[in-house]
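A.B. asks: Chain by chain, the residues:
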Amino acid sequence: MTRQVRSVSVPHLAGLWALALLSKAADAAYALNFQEPATLIAKEIYNLNMWMMEICVTIFILVFGVMLYSIIRHRKSAGGKPALFHENTKIEILWTVIPIAILIAVAWPVTKTLLAMRDSSNADITIKVTGYQWKWGYDYLKGEGAGIKFMSILATPQAQLDGKAPREENYLLQVDNHMVVPVNKKVRILTTSNDVIHSWYVPALAIQQDAMPGFIRDAWFRADREGIFRGQCAQLCGKGHGYMPIVVEVVPEEKYAAWVAEQRKKMATGAEDQNKVWQLAELIQHGEAVYTKNCVACHQADGKGIPSVFPALDGSKIATGAKIGHIKTVLSGRPGTAMAAFGPQLSDTDIAAVITYERNAWSNKSGDAIQPSEVKAERR
Amino acid sequence: MTQQGSYYYVPSASYWPLVGTLALLLLASGAVLWVNSYSLGPLVVTLGFAVLIFMLAGWFRTVIRESESGLYGQRVDASFRWAMSWFIFSEVMFFAAFFGTLFYARVLSVPDLASVDGQLLWPNFSAIWPNAGPGYKDRFSPMAAMGIPAINTLLLLSSGATLTWAHWGLLKSNRNQLRLGLILTIALGLLFISLQAHEYSHAYSEMNLKLTTGIYGTTFYMLTGFHGLHVTIGVTMLTVMLFRVLAGHFKPDHHFAFEAVAWYWHFVDVVWLLLFVVVYWI
Amino acid sequence: MQKSANGQAQTEAHGHRPEGLRRWLTTTNHKDIGTLYLWFSFTMFIVGGIMALIIRAELFQPGLQLIEPERYNQIVTLHGLIMVFGAIMPAFVGFANWMIPLQIGASDMAFGRLNNWSFWLLIPASLLLVTSLFVPGGAAGVGWTLYPPLSIQMGMGMDLAIFSVHILGISSILGSINIITTVLNLRAPGMTMLKMPMFAWTWLITAFLIIAVMPVFAGAVTMLLTDRHFGTSFFSAAGGGDPVLYQHVFWFFGHPEVYIVILPGFGIISHVIPAFSRKPLFGYTSMVYATASIAILSFFVWGHHMFTSGMPVAGQIFYMYATMLIAVPTGVKVFNWTATMWRGALTFETPMLFAIGFIFLFVMGGFSGLVLAMTAVDVQMHNTYYVVAHFHYTMVAGALFSAFAAVYYWLPKWTGHMYSEMLGKVHFWLTMIFFNMTFFVQHFLGLAGMPRRIPDYALQFADFNAISSIGAFGLGLSQLLFLYIVITCIKGGPKAEAKPWDGAEGLEWEVASPAPYHTWETQPVIK
Ligand code: HEA
Ligand code: HEA
Ligand code: CUA
Ligand SMILES: [Cu+2]
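Which chain is which? The protein sequence lines are A, B and C, in order. All residue numbers for the first sequence refer to numbering that gives the first Met the number 0, where the first residue is 0 and numbers rise by one. All residue numbers for the second sequence refer to numbering that gives the first Met the number 0, where the first residue is 0 and numbers rise by one. All residue numbers for the third sequence refer to numbering that gives the first Met the number 0, where the first residue is 0 and numbers rise by one.
In isolation and in its complexed conformation, chain A is listed as follows (with noise of 0.2 angstroms):
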């Protein structure tokens, strides 16, 4: 991949004296500069920061060149007499003059590409990503592929987390289900929020997008090479924000086309378990991989919870209470708190697994199994 960077000027090669020196003396795996574009825009970008680069490393050097020049020559020691000017106005005239001038020569450029970077007009696919603390939620609404619809989050394992495995290359940066996309198409993103602020952010598209909750904002990017592409949720979202990755998958059409009907087949299977009646044991083991994606995070694997922060589980009033109360809790959540509604977010099947899940585990041991029926029937 030829990364398309403007010709090297004096000026640049100076300024880039920290780099240069930097990355001869270390190995080639120091990333000094953007991460490597995949879309024009990202390009004009990455051009837009060199060409500034040079500007302020040309005003940077003048400046400080004169004034290492009279650190040197005007020093008392060196015998220097002070005059006695204070003023002159033509110089100061030409020293406000000529920074707008410069930064007019900026502006220009960058507003083009900021008109561009917003003209999100005439995507091929449009995509709504939803935050939540703390995974992300894909649905594909137009295009092809529309309909598909998953969440993605952290895949790294617990052991790398806690420094008990060696940690992988992209530590951090896996989830379970990437967004998939094809290459060369108009990918227009929907950013929306079911909790607090996140932001989807992956550098390479040159995407960064607030998702605020109860609003609707949105991006676009059509890549130009096919790769996997990650990045991580931007803004602070609690305590979980430095472990939602984003992994956005580039691939050819045909891929894509071949992905989009893999999905399809998954979701006709995964609707046909709406009615069947589960066996308890059967539930537990399904809730308890639901409960580890989903709610360990707050409650934790021991169902203690933080205190004051987050309640236990183990023993809870609601948890070992009457099941309508439960199963309220967990699919409307606790408005105002960080408790979310998972109605929107699990399917019946999940929420039932994970409720006879937390009824059955550590000391709570009720026997209850709660099938999915009856989570639907709570529904509204």
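Heads up, some of the hints might be wrong.
Claimed, not checked - Straight-line distance between alpha carbons at most 27 angstroms, and here's what the computed DSSO-like set of lysine-lysine pairs gives:
{"no.": "1", "chain 1": "B", "residue 1": "136", "chain 2": "A", "residue 2": "327"}
{"no.": "2", "chain 1": "A", "residue 1": "375", "chain 2": "A", "residue 2": "148"}
{"no.": "3", "chain 1": "A", "residue 1": "75", "chain 2": "C", "residue 2": "498"}
{"no.": "4", "chain 1": "A", "residue 1": "80", "chain 2": "C", "residue 2": "490"}
FYI, nobody ran anything at the bench for these hints, they're computed from the structure.
Following the hints, put chains B and C with the ligands in place on chain A, whose structure we already have.
C.D. replies: Showing chains B and C with the ligands alone in chain A's frame:
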């Protein structure tokens, strides 16, 4: 005046600031306890409030005594003028934050929620003002401009006039006019507050218009509420002025405290006019 | 200089001032209060600095070593709030208290008791902040910007932060009213506005900014409070409000705030550079106008903190242009300082070193600010370590360096002793080197996409984070040297003359060193 002796008066060491600090510490920590439903909260707040009143009374008594014994020359007077102007400016900015909020809700956030993209999340939501947001399911009636608010506008405007009339009395050494003007102003202010209280209880009991009524209720109560609080403070200060007048304080050329309160009162007036236009009327 | 015909200031009778603790608790003397402010500021600098070291220790390598993620967020939040409101702002108010009356020939600040109150209010405010770490649920873990809805979710620590902000607001508004009044009303006869020292000028403008924006911040946190506990809907979409509304209100305060943090520093540098160049400040008038322009422009650029919040493109363009414009008056200042040094007779005592270091590093911070102002580029850099690098270049190498310059410059006036020049220089060079080690590499982290406010990070960021953490510990330890220098200077050292710097100008150098408890009881007259 004692101008000859000094170009400036620098007060000697004082405990009042420390008492004030204690008051705010109590008020703040008490409020934290209170909003988090600790039973100690109200008690600590009350205590803090008592200390605050004690501090204000003591501190101002000192200032009044210094002023009346002629320690404040023209320089000090000018200082007070600057200080009061900047203080009022800070109040202007405080209200500006809330006016800006109302503007933002009406012009930006509510229309945005009803925009094409917004329909994705809030189907069938339409952005007519007054509006309590797409998640608000109850009915409520908005506050009409005519009726009590219009009467209140008249009340406050005339209180501004009576206060100026009182000031003229002070300048002319007509103490009767001064007293009468002040009493009228205070009466008008009190009337305003009681009408406002009546309006609130009416809104709560009959119009289903509450602090929790979405953004409309929020901006309505927060703006008029903070204004009402300022009217209350203003009336309190006017009452203090009345007592000082009765005690024979103030001379035609030396009465900045009175003027400061008058400035404050006019400021509260102007805020009300703005409120009347943007909260009740349009 | 003549005795004024105005007579003397009536100060408390000599010899009657309380001693011991009572002196400090009840004082109305600007020098005492200035000293209180400065010590308070340094204490908070250590508290905030230790929090910074906890942050850096946690980030030394990938994985969680020291603290849980929610604790990390709390520490970051308190670090930001404490450094800005507890360390930097009080430091400058301390300098203002000490120096402005001396510089403009006033016997004291306009309102002595109020001045005392402004200081003591800082104590409950900081107590509320620090104790919030220990209440159930811990401190607010939301960032110093306190964005809702996250701040709505928080526990009691958030309420403590809210009320702390209220008290800080009262304190700094009252302090500013005092400073404005002093500057406008108590100048010595003959000292016209355009003869006023730059430090007084920059503070005059800063005080105006504080009075204009602190109430707005108070309003913003009040809205948070009512949304949290009284069911209002300012920031909730379901009720017709908007989380972005908070961001607008906050940054309407927040951006001017960053100039509140830097303008007094500009003033200090405008004294130190001429003093050690032995040459008058170049372009005094344009300095004044540049400061005023920065202040005015600062009200129109807040949106540059919200480029990714989804504002209309027209808004983005407006904020981008307005932000870029600030480079012009700031440039004027930088050029004026350079021209002041040009053909001077320069010596490099510690204050001068810090002043030059300030200009050098602040310009780098300003340039990264300009890069961030370019909306399209900011979308790549927002909420990454590039921003963290930017604002530590402006606030540590800017505000903090100028505060160091001020301390070394005025220490002889305060204590009557000279500090150790050799140690001062060592302090400068250590600070300079470790500062860059800590923060320069953060630019690279940001460019590569490392988000801020995360306790653990991907492996590709490991090396630079390790460098940065080592730098931070060096930087912190170097400040112990500073403490040592100041304490030894208070305790003793060569006697300082009334005017220890031969190139220094201004009334403050006409009173003895250490400055007597009461000064300018008879106002000087400026010819
Ligand atoms: C002392 C504090 C201080 C100062 C002085 C500044 C100064 C500037 N800042 Fe900074 N800024 C902060 C503190 C400060 N900032 C903080 C704390 C944040 C983050 C808050 C948070 O999110 O937590 C922030 C964030 C921040 C952002 C948002 C980034 C983001 O979150 O995505 C932006 C974007 O525009 C920005 C821009 C600028 C600009 C353009 C200046 C300008 O004023 C700089 C002007 C100076 C120069 C340009 C250098 C000298 C000029 C010349 C030599 C003239 C010639 C130059 C040319 C014509 C090129 N700042
Ligand atoms: C003027 C303000 C100011 C100052 C001076 C500093 C000083 C420092 N800051 Fe900070 N910083 C902010 C304002 C400031 N900061 C703000 C506003 C934020 C944003 C918060 C947010 O995101 O909400 C931030 C965030 C921030 C982060 C990002 C955290 C994150 O996003 O996850 C980091 C990380 O490196 C950091 C580091 C440091 C360091 C190493 C110093 C060092 O310069 C500190 C050096 C000083 C000391 C260490 C104290 C003195 C030490 C001693 C007297 C010795 C005794 C100590 C020992 C045991 C060694 N700061
Ligand atoms: Cu989601 Cu940060
Ligand atoms: Cu800013």
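A.B. asks: Do the alpha carbons of residue 136 of chain B and residue 327 of chain A lie within 27 angstroms of each other, as the hint requires?
C.D. replies: holds, 20 angstroms
A.B. asks: Under the criterion that the straight-line Cα-Cα distance not exceed 27 angstroms, is the pair residue 375 of chain A, residue 148 of chain A satisfied?
C.D. replies: Answer holds: residue 375 of chain A to residue 148 of chain A is near 19 angstroms, not above 27 angstroms.
A.B. asks: Quickly compare the C-alpha distance for residue 80 of chain A and residue 490 of chain C to 27 angstroms and report which way the hint goes.
C.D. replies: violated, 36 angstroms
A.B. asks: Need the status of pair residue 75 of chain A, residue 498 of chain C: alpha-carbon distance at most 27 angstroms?
C.D. replies: holds, 19 angstroms
When held up to the earlier numbered hints, the structure conflicts with hint 4 and nothing else.
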